[in-house]
Each structure stands twice: as structure tokens, then as C-alpha cells.
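Build the full structure now, drawing on both the sequences and the hints.
In the order they appear, the protein sequences are chains S and G.
Letter 107 of the first sequence, counting from 1, is numbered 107 in UniProt numbering, and no numbers are missing.
Letter 50 of the second sequence, counting from 1, is numbered 50 in UniProt numbering, and no numbers are missing.
Be careful, since some hints might not be right.
In this list, chains with the same sequence are indistinguishable; a pair is considered to hold if it fits within one copy or across any two.
Straight line, CA to CA, 30 Å or less: simulated DSS-like cross-link-like pairs of lysine-lysine [what the hints assert, rightly or not]:
#1 LYS182 <-> LYS135
#2 LYS189 <-> LYS130
#3 LYS189 <-> LYS135
#4 LYS114 <-> LYS130
#5 LYS21 <-> LYS189
#6 LYS189 <-> LYS114
#7 LYS138 <-> LYS21
#8 LYS189 <-> LYS112
#9 LYS114 <-> LYS182
#10 LYS114 <-> LYS21
#11 LYS182 <-> LYS21
Read the hints as simulated data drawn from the structure, not as lab findings.
Being a predicted model, the structure only gives us computed values, none of them experimental.
2 protein chains.
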Amino acid sequence: MLPLKDRGLLIVISGPSGVGKGTVCSYLRLEHPELAFSISATTRPRRNSEVDGENYFFMSREEFMVRRENGDFLEWAEVYGNLYGTPRWAVEATLARGQDVVLEIDIQGALKVKEIFPEGVFIFLLPPSKDELEKRIKGRAQDSPDTIRYRLSCVDQELAVINEYQYAIVNGQVEEAASEIKAIISAEKCRISRYKELEYWKGGNTCD
Amino acid sequence: MLPLKDRGLLIVISGPSGVGKGTVCSYLRLEHPELAFSISATTRPRRNSEVDGENYFFMSREEFMVRRENGDFLEWAEVYGNLYGTPRWAVEATLARGQDVVLEIDIQGALKVKEIFPEGVFIFLLPPSKDELEKRIKGRAQDSPDTIRYRLSCVDQELAVINEYQYAIVNGQVEEAASEIKAIISAEKCRISRYKELEYWKGGNTCD
Chain S
1 MLPLKDRGLL IVISGPSGVG KGTVCSYLRL EHPELAFSIS ATTRPRRNSE VDGENYFFMS
61 REEFMVRREN GDFLEWAEVY GNLYGTPRWA VEATLARGQD VVLEIDIQGA LKVKEIFPEG
121 VFIFLLPPSK DELEKRIKGR AQDSPDTIRY RLSCVDQELA VINEYQYAIV NGQVEEAASE
181 IKAIISAEKC RISRYKELEY WKGGNTCD
Chain G
1 MLPLKDRGLL IVISGPSGVG KGTVCSYLRL EHPELAFSIS ATTRPRRNSE VDGENYFFMS
61 REEFMVRREN GDFLEWAEVY GNLYGTPRWA VEATLARGQD VVLEIDIQGA LKVKEIFPEG
121 VFIFLLPPSK DELEKRIKGR AQDSPDTIRY RLSCVDQELA VINEYQYAIV NGQVEEAASE
181 IKAIISAEKC RISRYKELEY WKGGNTCD
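Written out as C-alpha cells, the structure is:
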């Protein structure tokens with residue numbers, strides 16, 4: 001076989017809130033067990049149903065801060081007093097084993113990841129239309145009217161950074177979006193820039 | 001639906017002689033009738049079994065020369081006294097209809113096409129190994145010993161231009177190679193650079 005790079009790919013799936021990142025990623029997780037999914041680190045207390053290293057990497061605020069100082073997170077954020085981060089060490093270990101890692105993340109987080117990890121594959125999920133996105137944001141039972149208003153006010157600004165991504169997928173039907181993501185992963189593995197140096201054609205024969 | 005560019009893609013499938021371009025393209029043609037295949041223009045006489053505009057665009061040497069002067073060919077070459085060319089007008093008409101066009105072509109031809117048509121998707125077919133390529137070149141009954149020797153002497157030089165392409169595919173199994181080409185086509189349609197200007201998010205809302 002040809003010496004393809006044996007590292008996995010980091011696939012960053014991002015987009016405005018309400019676009020359906022979670023639904024697409026849940027579907028991918030079910031249909032494509034060969035993909036690994038990035039597990040966040042958090043300082044929030046573990047719930048009884050949760051397993052450390054499976055749902056989250058749980059850690060004390062002190063440990064989180066030390067790791068943050070060490071540059072151990074691809075990105076981090078504070079939400080309602082708890083710290084969350086994408087643990088670089090876990091992502092790197094999986095990629096080194098040759099497995100692809102999917103990271104589901106909001107736009108701000110994705111842009112931070114891109115600074116540290118530009119070789120990732122950055123995919124922007126788009127709503128079929130702005131109206132449909134509004135409908136989805138309003139339809140999420142868990143959000144307060146204030147949160148909904150805030151989210152809606154962010155949409156234009158969120159969509160404006162799409163050029164920072166390499167790919168955009170319209171999330172109309174989840175199956176189609178997932179199959180486009182799979183096609184992107186396959187195609188990226190064929191990109192010339194991802195091939196290792198191909199030793200076998202370093203010859204000096206001429207042909208004219 | 002999102003305003004994706006409605007033009008088709010030009011998919012250039014190329015690689016060293018003996019790598020199996022023809023086999024892969026025949027398979028694609030059977031399995032993916034939605035793809036169009038570029039038809040060459042030629043000055044060689046039509047055989048009885050051949051249909052103009054289906055196997056080739058047959059034309060006189062005079063017509064070919066005039067069209068060549070007009071820049072009507074993406075590339076052209078003379079082979080055993082006959083002229084062959086890729087008719088830009090036919091490719092453009094198909095792309096404008098929104099259909100993807102596959103162009104199977106040798107490496108020299110592909111590099112010429114790239115100069116005129118850099119927005120094409122350039123795919124390099126690789127042999128599983130250099131030994132396997134030698135075996136395939138020698139196994140082709142139609143070639144004389146001189147042709148075989150010449151082809152083998154070209155391999156290193158042909159492989160050296162792989163960086164001019166965007167993708168490389170190892171042609172081990174034809175079904176796998178074809179499915180990777182399909183994935184590349186799907187992925188390319190999701191590339192940000194191929195989206196039309198997305199009017200609907202040109203808003204001025206702020207979000208902080």
C-alpha cells in the first residue's frame with residue numbers, strides 16, 4: 001500500500017446555535033463507529049449517570065487552570081461559572097493511533113481551534129434558510145426568551161465568518177448532511193498535501 | 001435551498017500510462033450515469049461503428065486548425081499524424097447545464113488543461129506500487145517492446161508532477177478508486193470557495 005499519512009484527521013463540525021450540530025453528530029456517532037468524538041474536560045461536578053473519560057474528563061478547577069497554562073486545551077470557555085475545554089492531549093493521542101476525531105463546537109470555539117490546529121478540517125453547518133434557523137432556535141424548549149433573542153441577534157455575525165471554514169453543508173436532512181461529512185473525510189484523505197513523501201518515485205530517469 | 005453554484009465541476013482524471021485510467025472511467029460511466037464524459041475532437045477518419053458527437057467529434061484538419069487558433073481546445077495533441085483535442089465548447093456547455101464532466105487524460109494533457117481551467121478538480125491515479133505499474137504496462141498486449149521501454153522510462157518523471165494535482169488515489173481496486181472519486185466530487189461541491197455569495201446573511205446585527 002501507498003504510504004498515506006497514518007495520522008487521523010480532526011474534523012471540526014461547527015455552525016450557528018440551532019443549526020443542528022448535535023443532531024448531525026449523534027447520527028454520525030451511531031452510523032460511523034469508526035469515528036472518535038472529542039470528549040470535553042470540565043470543572044462542573046459529575047452527575048451520577050456520568051462516567052469520567054466517557055461523558056467528560058472531570059477535574060478540579062486547579063487542575064484545569066494548570067493545564068490551561070500549559071497550553072493543554074485546543075480551546076476553553078467559562079459557562080455559568082464552570083470551565084470547559086477541548087483536551088489537546090486526548091485528541092492528539094487518538095489522531096496518533098490513526099483514528100479520525102470529530103469535534104462538535106460553536107463558532108467561537110472553532111475559530112480558536114483553527115489557530116492552534118490549522119490542519120483540521122473545518123465544516124460549517126448551514127440552515128436551509130434564515131427563517132428555518134429562527135424556527136429551530138425558537139423551537140428549543142430549553143431556552144428562555146432572552147436567550148432566544150440573543151441567539152437570533154448573533155446569526156448574521158456568526159454566518160459572516162464562514163470563510164474561515166473550508167466546507168459548508170446545508171443541514172436540511174440529517175442523513176444527507178452526515179453523508180456529505182463522510183464524503184469530505186474520504187476526500188480529505190486523498191488530498192495530495194496529506195500524503196507522506198512518496199519515496200518510491202524519487203528516480204532520476206528522463207523521458208522526452 | 002441554499003444558493004450553491006449551479007455550474008457543474010470539471011473532474012480531471014489523470015495519471016501515468018498503465019495505471020488504469022480507462023478502467024476506472026468505464027466503471028464510473030456505468031455506475032454514475034449522472035456524470036458526463038468529455039468527448040474528444042479528432043481529425044482521424046470515422047470508423048463505421050463510431051457516431052459523431054458520441055465517440056468523437058469528427059472534423060477536418062482545417063476545421064481543427066481554425067478552432068485551435070480560436071482557443072477552442074482545453075488541450076490538443078498530434079498522435080500518429082492525427083490531431084486530437086478536448087473541445088472547450090462542449091465541456092463548457094455541459095458545465096453550464098449544471099452537470100459534472102469527467103475528463104480522462106494523460107499527465108501532459110492534464111497540466112495543459114490546468115493552465116486554462118484551474119478551477120477543475122485534478123485527480124492523480126497512482127499504482128499500488130511501482131512494481132505493479134511495471135506489471136500493468138508490460139501486460140498490455142497492444143504495446144511493442146519499444147513502447148513498453150519508453151513508458152517505463154517515463155514513470156519517475158510522470159510521478160514527479162503529482163504536486164500539481166489536488167488529490168491522489170491509489171488504484172488498487174477499481175470499485176474503491178471510483179468511490180473515492182465520487183467522495184471527492186461530493187466534497188468539492190461543499191467547498192466554501194464554490195458557494196455563491198450568500199446574500200441572506202448580509203446583515204449588520206451585532207452580537208457581543
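Checked hints:
no.	hint	in the structure
1	LYS182 <-> LYS135	within (27 Å within a copy, 34 Å between copies)
2	LYS189 <-> LYS130	between (33 Å within a copy, 21 Å between copies)
3	LYS189 <-> LYS135	between (36 Å within a copy, 27 Å between copies)
4	LYS114 <-> LYS130	within (26 Å within a copy, 37 Å between copies)
5	LYS21 <-> LYS189	both (23 Å within a copy, 20 Å between copies)
6	LYS189 <-> LYS114	both (19 Å within a copy, 22 Å between copies)
7	LYS138 <-> LYS21	within (16 Å within a copy, 52 Å between copies)
8	LYS189 <-> LYS112	both (24 Å within a copy, 26 Å between copies)
9	LYS114 <-> LYS182	both (20 Å within a copy, 28 Å between copies)
10	LYS114 <-> LYS21	within (18 Å within a copy, 37 Å between copies)
11	LYS182 <-> LYS21	both (15 Å within a copy, 25 Å between copies)
Against the hints set out earlier in the document, no violation occurs for any number.
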